[in-house]
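Place chain S on chain B using the hints.
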Amino acid sequence: MKLPFLPNHDDPSFFDFLTAHHPALMPVGRSGFLQAQATAEPMRGAGSMSVPHATTVLAIKYQQGVVIAGDRRATEGFQIAERRIEKVFKIDEYSAMAIAGAAGPCIEMAKLFQVELEHYEKLEGVQLSCEGKANKLGQMVKANLPMVFQGLVVMPLYVGYDLKRAEGRIFKYDLAGGRYEESDYHAIGSGGKDARNTMREHFLKGLAEPDALKLALLALYNAADDDVGTGGPDLVRGIYPTAKIVDATGITDVSDQQIRGIYDGLIATRRSKEN
Amino acid sequence: MPMPYYVSPEQMMQDKAEYAKKGIAKGRSIIAIEYVNGILLVAENPSASLYKISEIYDNIAFAGAGKYSEFENLRKAGIRHADLKGFMYSREDVTARSLANGYSQSLGTIFSQELKPLEVEILVVQIGHNGQANEMYRISFDGSIIDERTFAVIGGKSEAVQAVLKEKGFTQPPELQAALTLCITALEQIGNQKLSLESLEVAVLDRTRDGRRFRRLSPTDTKQLLAT
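Heads up: the protein sequence lines correspond to chains B and S, in order.
Numbered per this note's numbering, the first sequence spans residues 1 to 275.
Numbered per this note's numbering, the second sequence spans residues 276 to 503.
Hints listed in this document are in silico derivations from the structure and should not be mistaken for laboratory results.
Careful, some of the hints might be misleading.
Lysine-lysine pairs mimicking DSS-like chemistry, simulated, CA-CA at most 30 Å apart [said to hold, decoys possible]:
| id | chain 1 | residue 1 | chain 2 | residue 2 |
| --- | --- | --- | --- | --- |
| 1 | B | Lys-273 | B | Lys-205 |
| 2 | S | Lys-360 | B | Lys-136 |
| 3 | S | Lys-498 | B | Lys-142 |
| 4 | S | Lys-360 | B | Lys-90 |
| 5 | S | Lys-498 | B | Lys-164 |
Pulled out of the complex, with its shape left as it was, chain B reads as follows (with noise of 0.2 Å):
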């Protein structure tokens, strides 16, 4: 492979990089954006193409930081494509991004992204602030138009510390690129809907960071009650929800044994008011 070697290096982005001089890596490549240019109407494929689909992420701010969680179930039509797959991503250190929509366009947005910003990282010196990567993410949405007219919808839900504001904070996304802020919490997916009321009961400002966690597994499993397209936690198989948290020390894993805990008391709760 030839060393990229241009006269000179002065946009940092792998992204716009990518776009330049190889197109056909994007998840966007050039042929998707002249296929649908081509198709007059809009929408036209989005029934018909059947690709997986990833439901329910949501994230939660609490004292110290911001908790991230999503389901583990990808559908295609009325069948689970995947009982397993990974909805919530690291990105870098202090900031992790879930997805819904068309799994594979999501998953490769994540990986670019990780890219994205460790490219500039690494050509710049130091970090893109909290507020530049929310907004960098917001371009690639933005730049994945072409394809939600095929039917391939990619929505993110963006956390980051903030290390200036010593604060968690949430993004959410609309398909034209819009970038919005939450102050408290937010869900998207087929089931958002069903985990944001159940966050809008109990969320209170300055919770614990063990008390976010545990309300976010709650909305998970409610949401997972009342959307089909949201998988709960598998007893039989010991599939679980998964979660992230970020705070001022960085990015961590919620361990599957602490979420599986959780889901143990959750449960015996629940089975407590049916009898």
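Below, chain S alone, put in the same frame as chain B:
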């Protein structure tokens, strides 16, 4: 019509090489040396923000001597190359060998085709893990590439520094502290002056870390390290 002067190719290459060498020798030396857990890179650098040593990828670091604007451009090209390859294939497929080859090609082409050669000498190092050996490549202004063992020196009076390292060197990879002390001694001996820790740029590729293994050591870190 005036006739263009004839210059023999040998003469032209020689002139270019001399020009480049002069530029590189003006700077100060950079040392890369193996230590027990990885590779240590030490450069004499009065600036605290314009780096000569930099991270390229998980296991790969870069150092450049000579003209800053030129090796900075090479560094960025290297990061592009590595990130592109890692994105296209997988993180483990990014290797120092392919990167060094790329540099060698680019530098060689520029040396033979452009009027002015690049006044740079660069170093690409990679730590091996799971029992694999470390790799160190020194690439010159004309694209010639040298595979180094144990230690490598570029820029300034590199041959003199190499001689000191060879003389005082270790048979086994030393601890980090011993390696750093050796580097400082060699640089001080050749420069004939005492070096303050603030004027040193120090970084390591540390095998014991996870993921991205490159780490810069601030003057406070080096002070602590040398005190223990």
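Hint by hint, here is what the structure shows:
1. B:Lys-273 x B:Lys-205: Satisfied, since the Cα-Cα distance of roughly 28 Å is no more than 30 Å.
2. S:Lys-360 x B:Lys-136: With Cα atoms ~22 Å apart, S:Lys-360 and B:Lys-136 stay inside 30 Å; holds.
3. S:Lys-498 x B:Lys-142: Violated. S:Lys-498 to B:Lys-142 sits at ~48 Å, over the 30 Å cutoff.
4. S:Lys-360 x B:Lys-90: Cα-Cα ~20 Å, so holds.
5. S:Lys-498 x B:Lys-164: 28 Å, holds
Violated hint for the displayed structure: number 3, the only one.
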